[in-house]
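Asks: The residues making up each chain are set out below.
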Amino acid sequence: MSTKLIDANNLIKSFGNFVAVDNIDLAVNRGEVVGFLGPNGAGKSTTMKMLTGFLEPDSGKILINNIDLKLYPLQAKQLIGYLPEGAPSYSDMEVSEFLSFVGKMRGIDDRNTLNNRLEDMANQINLKDVWNRPIETLSKGFKRRVGIAQALIHDPDILILDEPTDGLDPNQKHEMRNLIKTISKNKAIVISTHILEEVEAVCSRAVIIANGKLLANEKPENLGKNLNQKSVMSILVSNKIDSTISKEIKANFKNNKIEVQTIDNSYCKILIEGDEKNLELNKILTQLKKQKLNVVEAFFVRPSLDEIFRVITQNK
Amino acid sequence: MNTYLNKTYIIFDRELKGYFRTPLASIFLLVFLSLSSGMTFFLGRFFERDQADLTAFFSWHPWLFLILMPAIGMRLWAEERRSGTIELLITLPVTNTQLVIGKFMASWIFTLIALILSTPIWITVNYLGDPDNNVIFVSYIGSWLMAGAFLALTSCLSTLTKNQVIAFIISSISGFILIMAGFSLILSAVRSWAPVWITETIGSMSFLSHFSRIQMGVFDLSSLIFFLSMIILCLWINIQLVQIKKAD
Chain A
1 MSTKLIDANN LIKSFGNFVA VDNIDLAVNR GEVVGFLGPN GAGKSTTMKM
51 LTGFLEPDSG KILINNIDLK LYPLQAKQLI GYLPEGAPSY SDMEVSEFLS
101 FVGKMRGIDD RNTLNNRLED MANQINLKDV WNRPIETLSK GFKRRVGIAQ
151 ALIHDPDILI LDEPTDGLDP NQKHEMRNLI KTISKNKAIV ISTHILEEVE
201 AVCSRAVIIA NGKLLANEKP ENLGKNLNQK SVMSILVSNK IDSTISKEIK
251 ANFKNNKIEV QTIDNSYCKI LIEGDEKNLE LNKILTQLKK QKLNVVEAFF
301 VRPSLDEIFR VITQNK
Chain B
1001 MNTYLNKTYI IFDRELKGYF RTPLASIFLL VFLSLSSGMT FFLGRFFERD
1051 QADLTAFFSW HPWLFLILMP AIGMRLWAEE RRSGTIELLI TLPVTNTQLV
1101 IGKFMASWIF TLIALILSTP IWITVNYLGD PDNNVIFVSY IGSWLMAGAF
1151 LALTSCLSTL TKNQVIAFII SSISGFILIM AGFSLILSAV RSWAPVWITE
1201 TIGSMSFLSH FSRIQMGVFD LSSLIFFLSM IILCLWINIQ LVQIKKAD
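Residue numbers (the working numbering), protein chains in the order written: chain A, 1 to 316; chain B, 1001 to 1248.
Please keep in mind that the hints were generated in silico from the structure rather than gathered at the bench.
It should be emphasised that the depicted structure is a prediction, and the values quoted were computed from it without experimental measurement.
What you were told as hints is all true, and nothing was included just to trick you.
List of simulated lysine-lysine pairs, BS3-like, C-alpha gap at most 30 Å: (1) Lys61(A) with Lys1246(B); (2) Lys219(A) with Lys277(A); (3) Lys140(A) with Lys1162(B); (4) Lys213(A) with Lys1246(B); (5) Lys70(A) with Lys1246(B); (6) Lys213(A) with Lys1245(B); (7) Lys1245(B) with Lys61(A); (8) Lys1017(B) with Lys140(A); (9) Lys1162(B) with Lys70(A); (10) Lys1245(B) with Lys143(A); (11) Lys143(A) with Lys1162(B); (12) Lys1245(B) with Lys140(A); (13) Lys128(A) with Lys1017(B); (14) Lys1245(B) with Lys70(A); (15) Lys143(A) with Lys1246(B).
Please model the entire structure based on the sequences and the hints provided.
Replies: As structure tokens, this is what we get:
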């Protein structure tokens, strides 16, 4: 029995001549949080809409816990909790009423079970203060939380959240990320986001989509490795480096790419491409001392997820 | 089967309560009751006619429903599409058929409530004279079925747009065409270019002629079946349209 809760293969979806999703494969195991990244209009939401059964793919197959979504939509949908983009809800209903409606629709027939789940949601998602208020009177942050609560009400194995932290303040974002981490242990979670730090904070895997194509699918920390985005050691010295010294330095580190930048009259920066594996700090410092350079600070600069994202989505 | 009905009922229940969550329900009931009785007594000359029947009451229903049913039904799908909640509904473990029927039934039962609230006029006519209560009962059933046909048409057309006002207008215009279908003005316009069977089909679609037949007191099965078939046909198209238009 595979642990793949979501197994989508060769998904294609076009709207007229526009190919929104172009042959995407995606598998998500129990315990994984997959972050969907991509520019606006990249096909993230369309993919999520197909995974939840809202849209039918033109071709391709989606298995939800080994159930074919196309053949057995009701059984498959039962396993999914979904927060659509913008967290839509019935604004005239009270929070408790709305969650109880979704709970019943999700098949929680027993009143006690439903009440327990509602109580869990009120506590877990922090909705107690607005429990009996009409949704239309709530702030954007609370509306988003109500959206999360309706996705979680039936404690689904699979959670698909389209921009779950959009519109939340920094504290609420932090809470939401903690919540996602807590519940992720025995679920498969897919979240889409524009915020790259979110991927680093909560996701065990990052998937980058642009123009409907899947461009990267790996652990967030490994994303830059296949690209020409390398770590750099940045060394600040309180000396002036003229062209002679610069040549000497470059001659000493033949294997690494080196750049020398003059900051002002008394400071210069030496950038040596490489990471912990091929650069030894002690050796470098000794070498620079020999050249009578006074090192003020030295540290590794790793490519940021932002840069990686730009390189992947613009260059390919 | 049980869960099937249960989920349809949950949709129905949410939708029906939805009418009462806003002032819409009370405004509608007020407008329906005052217009229907106003028309009966003033335009229908209820007292001057000096007859113990409710012809003056029922004969206004097609015209009242022409405006009031689109007002009730316009939000059924247009609002779901506008607010994006359609995405929530479709990704729930229910079929489009359950959604369409649940929503339609809520609006239809709501009109039944309105019709039941109008029964004091039935009591009045019994107090004043000795009417044929069978005729009145059948007329009530006919009126409710006709309301259902208007509502099914509106529900179906409200899938085409995200704007409730547009849904209201196209439903009223379509309803007007269906009411007028039996009138010679429309029929002669069609007769000039269309084959006889088309003219006859259009003529037989007239809401007005079917409803007046029911109102005569003859338990006209074909007219009852006509309205029921209209409901089923519109809801079937509604289900297909939800599938086609959901993601637009």
